[in-house]
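Peer 1: Spelled out from the first residue to the last, the chains are:
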Amino acid sequence: SQQGEEDPQALSIQEGENATMNCSYKTSINNLQWYRQNSGRGLVHLILIRSNEREKHSGRLRVTLDTSKKSSSLLITASRAADTASYFCATETSGGTSYGKLTFGQGTILTVHP
Amino acid sequence: GAGVSQSPSNKVTEKGKDVELRCDPISGHTALYWYRQSLGQGLEFLIYFQGNSAPDKSGLPSDRFSAERTGGSVSTLTIQRTQQEDSAVYLCASSLQGLAGRMTQYFGPGTRLLVL
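Sequences listed follow chains S and W, in order. All the letters of the first sequence, read from the start, carry residue numbers 254 to 367 under the working numbering. All the letters of the second sequence, read from the start, carry residue numbers 870 to 985 under the working numbering.
Treat the hints as calculated values from the structure; they're not laboratory data. It cannot be assumed that every hint is accurate.
Cut-off 35 angstroms, straight-line C-alpha distance, at most; resulting in silico cross-link-like pairs (DSBU-like, lysine-lysine) [what the hints assert, rightly or not]:
id, chain 1, residue 1, chain 2, residue 2
1, S, Lys309, W, Lys926
2, W, Lys926, S, Lys279
3, W, Lys926, S, Lys323
Can you make the complete structure from the sequences, with help from the hints?
Peer 2: If you want it as structure tokens, here you go:
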């Protein structure tokens, strides 16, 4: 099964509202990353949070990480129509030979209505 | 600077034919990854190259899939005797290094493969 599981699968909000997406994983990790994907093509890296960090900010993005619960959340504040996309969490598993291999979740489809 | 590029953007082929997908990573990036994304799904890891080390092929779904990376730069993913279930978007990514991670992966736009 996928390492990362995200919820909700789909989220529909109005412009200006906040959007929160959650990601759970199963194994110990080096870091967790969030990516955005438009139109089913290339992914764009948004933010990386290391396993020893609990919270990180980048512009309107806020990511939290709870390693005891093996979960992370991505908050987008003051959403815009242009934020409409699929959002994926990806984990880099720790232990063994760490190749930087990422395991992706199924993603959350976010729709922001103008 | 230039990002990761992939070609072709789209490929339609008949079942049973072989296809080659190309990836040009960002210059200087030593790590290169191939992923597959089926419609509405997350990304499935296929193969990873890091410098001159032996590639991690653990994600390749069958022996019909192979990949090589020449000169530590350009990579080609080959699918032999394509099947309809091979239809997907194939994404390539590169990063500065893969070992002990913590590096951002930069993705190409992908190749959309359709097997009829």
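Peer 1: Can you confirm whether the C-alpha distance between W/Lys926 and S/Lys279 stays at or below 35 angstroms?
Peer 2: holds (22 angstroms)
Peer 1: Can the restraint linking W/Lys926 and S/Lys323 be considered satisfied, given a maximum Cα separation of 35 angstroms?
Peer 2: Satisfied, since the Cα-Cα distance of roughly 27 angstroms is no more than 35 angstroms.
Peer 1: Next pair to validate is S/Lys309 with W/Lys926; report whether the Cα-Cα distance is within 35 angstroms.
Peer 2: holds (33 angstroms)
Checked against the numbered hints given earlier, this structure breaks none of them.
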